[in-house]
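These protein sequence lines are chains Y and C, in that order.
Under the numbering used here, read the first sequence as residues 1 to 261, first letter to last.
Under the numbering used here, read the second sequence as residues 1001 to 1261, first letter to last.
You may find that some hints are simply not true.
[Claimed, not checked] Straight-line alpha carbon distances no greater than 25 Å define the calculated DSS-like cross-link-like pairs of lysine-lysine that follow: (1) Y:K193 - C:K1154; (2) C:K1162 - Y:K169; (3) Y:K153 - Y:K169; (4) Y:K260 - C:K1260; (5) Y:K169 - C:K1016; (6) C:K1162 - C:K1130; (7) Y:K153 - Y:K189.
[Stated by the list, open to error] Here are a few chain C residues that face chain Y, going by a calculated C-beta distance under 7 Å: (8) R1035; (9) K1041; (10) S1043; (11) T1045; (12) L1142; (13) E1149; (14) G1150; (15) E1156; (16) V1158; (17) I1160; (18) G1195; (19) A1199; (20) T1239; (21) E1243.
It should be emphasised that the hints constitute simulated quantities derived from the structure, not laboratory data.
In this text, a Cβ means the ideal position worked out from N, Cα and C, and glycines have one as well.
Here are the chains, one letter per residue:
2 protein chains.
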Amino acid sequence: MIGIFDSGIGGLTVVKSIMEQLPGYDITYFGDTARTPYGSKSSETVVGYALENTEFLLKKGAKIIVMACNTVSSVASDSVADNFNIPLFEVVTPATEKAVKSSGKLIIGIIGTRATVKSGIYEKKIKAIKPEAKVYSKACPLLVPLVEEGWLKKPETVMIIKKYLHPLKVRQIDTLILGCTHYPLLKDKIQRKIGKRVAVIDSSIAVAEKVKDFLETHTEVDNLLTKKGGFRLFVSDITEQFEKTARATLKRNIFLEHVKL
Amino acid sequence: MIGIFDSGIGGLTVVKSIMEQLPGYDITYFGDTARTPYGSKSSETVVGYALENTEFLLKKGAKIIVMACNTVSSVASDSVADNFNIPLFEVVTPATEKAVKSSGKLIIGIIGTRATVKSGIYEKKIKAIKPEAKVYSKACPLLVPLVEEGWLKKPETVMIIKKYLHPLKVRQIDTLILGCTHYPLLKDKIQRKIGKRVAVIDSSIAVAEKVKDFLETHTEVDNLLTKKGGFRLFVSDITEQFEKTARATLKRNIFLEHVKL
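Construct the complete structure from the given sequences, taking the supplied hints into account.
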């Protein structure tokens, strides 16, 4: 099946997009809720967690792995690729490619966790395609806890979004990458505050499209994937909050299985 | 020496109080920054972490242990006491005793993490002393990330504090327990929003006073403690953010030592 992991709940936006793009494919998800969040931790620690999470999913029978977390994709995807010989997807490249295609002025903004922004990976990848692009990044570390709390529509959340987006707005970006899989849950508010003329690129949709394209051209891998509509959801810590948000995000009944890594 | 641990940075307010109450005592601190925060995780997970942290400090030579975290004190202190035979201090009891003494009307409010509030431990301990007391609790899960971000004076932080305190204010509490070691860093703002007539009890000061009292009456334990003014600071993940906030909280130079648990 398709193995997907994240530091916690954010990667469920990727699960949702993959379920829409590839209906019926069996999916196993691991959310590292006992060690969440990753975005404010060091690269060394995040790499260690990413290797453990990948190994867990492979043991469960994953044939391809999606790292549904921008922090992991930014700082740990090379290490995971070096250690495991399987088709591996990260969320940064698909979003980058989509942003470059969409941007007319090539003035692109990125929001993400502190670790993602510090890695500079979006800027590097965008400039590798279009060296003339102007790229502005802003770390938004409070958006993850606000999403995890379910404060999706509170005025305080809107104020904080406005404050974070201000430096990108004055740069007159025409494209904004949501460089964290939690942020699609705030997409409406972000679109309103950055302005309706700015194209907002959702990395969870971009990676799902990428996986679909890959499987269409790699039938030998596609044949390894079972398609019985199965969905297993493992977490390293079971909390009511996760259960509630997971149900709301996926709009289906879920059953959490506990695993200690 | 005195061993002190916390999920991350909050316990440094306890270190600061103990340094003030017991100047010169050697202290070793462990901040579990690779797995922080604890407050939104399950009791089972927090108990496991607390046992590992205690064991680490004992190996380093701690003769007494202070659990400088309300979440750990609320859900894991019995398990730690069952597993280790040493003088053990938690932050809930000292704050409770101080609050009951201070409260004229016996209408007491408590703010803390989701895990601390859910445990109901403050209410139980207050009612064990004064069954007639009225106790109102409010979980404030966003205050920890706001403190960790250093947003101590931002208007958004003040708005969120006001929103959290509102249900306690309408109950006309006369005493408010800061049931999380992060909150003393927001004490001014909290005092302003709850009103100057409400006594605000800081659990980090209360536990330091308790440790001092204990050592004065238990000289056989006090004699085991070295007093060379040493301070070692271990963390499970090294980040710039931690270093910056630690230096600001303790107002001294610090050197972080990394340890993987």
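Hints and how they fare:
The hinted pair formed by K193 (chain Y) and K1154 (chain C) meets the criterion: a straight-line CA distance of about 19 Å does not exceed 25 Å. Restraint check for K1162 (chain C) and K169 (chain Y): the C-alpha separation of about 29 Å exceeds 25 Å, so the hint is violated. For the proposed pair K153 (chain Y) and K169 (chain Y), the alpha carbon gap of about 21 Å is at most 25 Å, so the pair holds. Only pairs whose Cα atoms come within 25 Å are accepted, and K260 (chain Y) paired with K1260 (chain C) is accepted, the gap being roughly 17 Å.
As the CA atoms of K169 (chain Y) and K1016 (chain C) are separated by approximately 41 Å, the hinted pair breaks the 25 Å bound. Between the alpha carbons of K1162 (chain C) and K1130 (chain C) the distance comes to roughly 29 Å, so the proposed pair goes past 25 Å and is violated. The suggested pairing of K153 (chain Y) with K189 (chain Y) holds, with an alpha-carbon distance near 8 Å, which does not exceed 25 Å. Contact between R1035 (chain C) and chain Y, as hinted, is supported at the beta carbon level, the nearest pair being about 5 Å apart and thus within 7 Å.
For K1041 (chain C), the suggested interface contact is upheld, since its CB lies about 5 Å from the closest CB of chain Y, less than 7 Å. With its C-beta approaching chain Y no nearer than about 10 Å, S1043 (chain C) sits outside the 7 Å limit, and its interface hint is violated. Annotation: T1045 (chain C) was flagged as interfacial toward chain Y, and the flag holds, the nearest CB pair being 5 Å apart, inside 7 Å. The closest approach between the C-beta of L1142 (chain C) and any C-beta of chain Y is roughly 6 Å, which is under the 7 Å cut-off, so the hint is satisfied.
The restraint placing E1149 (chain C) at the interface with chain Y holds, with a minimum CB-CB distance near 6 Å, inside the 7 Å limit. Restraint check, G1150 (chain C) versus chain Y: the minimum CB separation of about 10 Å is more than 7 Å; hint violated. A least Cβ separation of about 5 Å between E1156 (chain C) and chain Y falls short of the 7 Å threshold, and the interface hint therefore holds. Proximity of V1158 (chain C) to chain Y is violated relative to the hint, the smallest CB-CB distance being about 10 Å (cut-off 7 Å).
At about 5 Å, the closest approach between the beta carbon of I1160 (chain C) and any beta carbon in chain Y falls short of 7 Å, and the interface hint on this residue holds. For G1195 (chain C), the shortest C-beta to C-beta distance to chain Y is roughly 21 Å, which exceeds 7 Å, and the interface hint is violated. Evaluation of the A1199 (chain C) hint against chain Y yields a violated restraint, the C-beta minimum of about 27 Å exceeding 7 Å. Annotation: interface hint on T1239 (chain C) holds; nearest CB of chain Y at approximately 6 Å, less than 7 Å.
For E1243 (chain C), the suggested interface contact is broken, since its CB lies about 11 Å from the closest CB of chain Y, more than 7 Å.
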